[in-house]
Amino acid sequence: MTTTDSGPPPVVSSVDGERLAAPQPAPRRSPRRRRPTGGLTPYALLVPASIVLAAIVGWPLVQLLVTSMQEFGRAQVFGAPPEWVWFDNYVSVLTDPAFYAVLGRSLVFAAACVVITMLLGTLIALLLQRLPKGFRLLLSLGLLLAWAMPPLSATIVWGWMFDTDYGVVNSVLVNAFGLEQYTQHSWLIEPLSFFLVAGVIIVWGAVPFVAFALYAGLTQVPDEVLEAAQLDGAGGFSRFRLIVFPYLKPIFLITTILQIIWDLKVFTQIFALQDIGGIREQTNTLGVYIYQVSIAGGDFGTGGAIAVITAIILMSISLYYVRQTVKEEEL
Amino acid sequence: MRKLGIAALGAAAALTLAGCATTGSDVASDEGAEIRVWLVGTDTPDAARDYLVETFEEEHPGSTLVIEEQSWDGLVDRLTTSLSGSDSPDIVEVGNTQAAAFTSAGAFLDLTEHYDELGGDDLLPGFVEAGSYDGKFYAAPLYSGSRLVFYKKDALEAAGLSVPGDLDEYIANGEALAEANPGKSGIWWPGQDWYNALPYIWENGGEVAVPDGDQWDAQLSSDESVAGLEQVQQVMTNASLAPKDGNETNPQVGYCDGTTLQLSAPSWVKWSILAPADAETPGCPEEEANLGVYALPGKDGGAAQVFAGGSNIGISAKSKHPELALDAMKIILSEEFQTIYGENGLVPAKLSLADTLGTDEVAQAIAAAAGNAKLTPASPKWADVEAAGILQDLFVKIAQGGDVQALAEEADQKIEDILNG
Chain Z
1 MTTTDSGPPP VVSSVDGERL AAPQPAPRRS PRRRRPTGGL TPYALLVPAS
51 IVLAAIVGWP LVQLLVTSMQ EFGRAQVFGA PPEWVWFDNY VSVLTDPAFY
101 AVLGRSLVFA AACVVITMLL GTLIALLLQR LPKGFRLLLS LGLLLAWAMP
151 PLSATIVWGW MFDTDYGVVN SVLVNAFGLE QYTQHSWLIE PLSFFLVAGV
201 IIVWGAVPFV AFALYAGLTQ VPDEVLEAAQ LDGAGGFSRF RLIVFPYLKP
251 IFLITTILQI IWDLKVFTQI FALQDIGGIR EQTNTLGVYI YQVSIAGGDF
301 GTGGAIAVIT AIILMSISLY YVRQTVKEEE L
Chain Y
1 MRKLGIAALG AAAALTLAGC ATTGSDVASD EGAEIRVWLV GTDTPDAARD
51 YLVETFEEEH PGSTLVIEEQ SWDGLVDRLT TSLSGSDSPD IVEVGNTQAA
101 AFTSAGAFLD LTEHYDELGG DDLLPGFVEA GSYDGKFYAA PLYSGSRLVF
151 YKKDALEAAG LSVPGDLDEY IANGEALAEA NPGKSGIWWP GQDWYNALPY
201 IWENGGEVAV PDGDQWDAQL SSDESVAGLE QVQQVMTNAS LAPKDGNETN
251 PQVGYCDGTT LQLSAPSWVK WSILAPADAE TPGCPEEEAN LGVYALPGKD
301 GGAAQVFAGG SNIGISAKSK HPELALDAMK IILSEEFQTI YGENGLVPAK
351 LSLADTLGTD EVAQAIAAAA GNAKLTPASP KWADVEAAGI LQDLFVKIAQ
401 GGDVQALAEE ADQKIEDILN G
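Respectively, the protein sequence lines represent chains Z and Y.
Per the working numbering, residue 1 is the first one in the first sequence, and the count goes up by one each step.
Per the working numbering, residue 1 is the first one in the second sequence, and the count goes up by one each step.
Hints are computed from structural coordinates only; laboratory data are not their basis.
Keep in mind that the hints are not guaranteed to be accurate.
In silico EDC-like links for lysine to aspartate or glutamate, alpha-carbon gap of 20 Å or less [as the list claims (entries may be wrong)]:
(1) Y:K184 to Y:E169
(2) Y:K299 to Y:D223
(3) Y:K184 to Z:D96
(4) Y:K136 to Y:E323
(5) Y:K374 to Y:D217
(6) Y:K184 to Z:D165
(7) Y:K414 to Z:D163
(8) Y:K184 to Y:E117
(9) Y:K153 to Y:E175
(10) Y:K184 to Z:E180
Predicted model, so just to flag it, every value in this text is computed and none were measured.
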């Protein structure tokens with residue numbers, strides 16, 4: 001976890017009696033390659049996990065690919081034989097302007113959510129580290145509760161708070177701040193305002209995870225290093241940038257990947273909000289769009305094609321970050 | 001760390017997928033069986049539910065019947081996934097306009113040979129048609145409900161108005177009420193509530209979509225339909241203070257807190273309004289004397305052509321106990337069970353039970369409305385139009401004051417894409 005500060009290669013490789021032995025010369029790889037002593041044991045150990053993975057990840061993936069190349073409607077769900085159409089579904093998706101509108105909307109929205117989540121999560125993690133014990137416990141509890149709240153319940157409650165007629169947000173704005181224009185203000189009818197509310201709900205739900213993960217990492221940053229830097233005159237921000245951030249880089253990477261994946265395919269919050277208000281067509285994101293096309297619209301073939309395209313997009317974004325992580329590891 | 005990264009990728013892949021396997025179902029032993037019945041919404045009165053459970057369990061000792069209440073929102077989606085799965089409910093209620101999506105897909109058991117046992121020609125003909133496909137009978141009528149206008153008698157009186165005689169007067173009344181009572185809705189009408197807009201289209205001579213050979217021709221942008229849609233916009237912007245993008249659930253809240261003076265809603269909303277104050281969804285029983293009701297008037301007087309809402313009920317093709325499910329279905333269509341619907345203001349599934357509605361104001365309004373009710377386009381894909389939310393989006397935009405002609409043309413295009421797609 002904290003191998004990122006790996007400095008120069010070790011100068012001492014072993015202690016030979018009283019003397020420090022110099023490291024062996026570098027090209028020792030081939031003589032050092034030991035014969036696999038365990039024979040097939042390592043592979044045998046991998047088999048159970050691979051079977052489980054193939055069953056729960058691989059099989060649905062194959063099914064999805066197959067479906068996405070078929071004309072698969074509601075009748076096929078109930079047993080009619082599907083017609084094989086190869087890439088027709090992909091062509092119809094990729095030539096549909098509605099898809100690009102949804103894709104663009106999802107990317108922008110996810111980017112905004114990820115940035116805000118990471119920023120707030122980091123700040124709260126730093127805050128947690130500095131708070132006295134009692135308040136830290138209180139804040140942790142609050143974060144845990146927000147995290148434990150099922151997204152659907154959270155969305156419904158937030159939806160009530162932003163309700164046009166009876167919502168507390170409008171009520172406070174009108175009665176406490178005298179902003180009369182918020183009387184019966186509809187928060188969801190304008191797409192931008194809709195995504196503001198959706199963003200609040202999503203960030204609110206995602207910040208605790210980031211904050212906890214980073215807080216856990218922060219406790220691993222050695223105090224001596226920070227203290228030394230402080231003595232050398234590094235300010236708070238430079239200490240974070242030059243010491244804390246490099247230490248925590250793997251955590252930042254992983255949490256960012258997860259946030260990107262979660263936010264790009266966000267479903268529950270958008271789906272539930274659309275029912276409360278707003279215009280579906282202008283607020284669809286990838287997750288909701290796939291659901292609408294396939295399950296609600298009964299066109300599983302096209303829905304499958306969109307899902308495959310989404311998966312490819314998610315993977316290519318994530319792969320970049322995974323490569324970064326792996327590189328760090330190999331240093 | 002590498003493992004975590006890969007696991008994250010795997011999780012992402014797994015969560016993006018929606019695997020959909022259809023497994024065959026075996027007919028299980030009928031002893032000690034559990035029959036699962038899906039009823040939708042709160043329309044079916046508790047008395048009827050109790051009657052169904054008790055009667056079934058009496059007739060079939062050892063077996064149980066469980067009623068699982070579903071919500072109307074997203075029903076088509078849920079039925080698609082649950083009816084095709086191995087854990088399918090045995091009996092399901094489905095909206096009459098949605099039935100074709102499932103009868104045409106083979107989701108329901110063929111009940112043709114039991115047609116006479118279930119009521120035969122006494123069943124509501126429009127609903128039998130909605131539940132039939134390709135000459136076979138799949139889903140029986142459950143009940144029908146018309147939309148009625150509920151109003152506050154004192155508010156109408158205070159404004160010097162009376163029950164309107166035609167559609168124009170109804171609209172004028174709504175506007176006058178809204179004007180006389182700032183901060184209140186003369187006609188409460190949230191933007192997503194598209195069912196209420198249909199009479200305006202039909203009364204002006206328009207249609208949603210008409211068959212054209214083997215294709216459908218969407219008609220919302222015809223001159224007649226647009227005239228109706230403009231009236232809808234007039235009501236939504238001048239008479240209603242309901243949220244422009246709100247949905248029509250819980251209309252009793254505004255009625256009971258006094259901000260709704262009139263509203264058009266299914267007949268059973270009367271019981272939501274009059275629910276005891278300590279009920280799970282409280283109403284305002286003290287308003288009973290003040291609660292007036294009439295059928296929406298048509299353009300030329302009389303009752304308007306309203307949307308013939310209601311439900312069909314079918315047995316899942318994957319039911320593990322089709323015999324027991326059929327028995328339960330017979331109880332549901334029995335005189336006793338259907339009478340409870342009639343007594344609660346819902347039109348029973350059998351013509352011969354029409355007089356169970358009684359003779360009060362509501363009953364007369366229901367009879368007037370039911371006599372002139374119409375349906376949405378009879379296409380198996382109509383359910384997809386509903387599920388895609390095209391009409392909800394259209395009326396939200398109309399409520400916002402958008403250009404009706406342009407919006408109607410846009411919606412026509414989308415409806416045709418789905419119906420002919």
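Against the structure, the hints come out as follows:
no. : hint             : result
1   : Y:K184 to Y:E169 : holds, 19 Å
2   : Y:K299 to Y:D223 : holds, 16 Å
3   : Y:K184 to Z:D96  : violated, 43 Å
4   : Y:K136 to Y:E323 : holds, 19 Å
5   : Y:K374 to Y:D217 : holds, 18 Å
6   : Y:K184 to Z:D165 : holds, 11 Å
7   : Y:K414 to Z:D163 : violated, 30 Å
8   : Y:K184 to Y:E117 : violated, 51 Å
9   : Y:K153 to Y:E175 : holds, 16 Å
10  : Y:K184 to Z:E180 : holds, 17 Å
In terms of the numbered hints stated before, the structure departs from hints 3, 7, 8, listed from lowest to highest.
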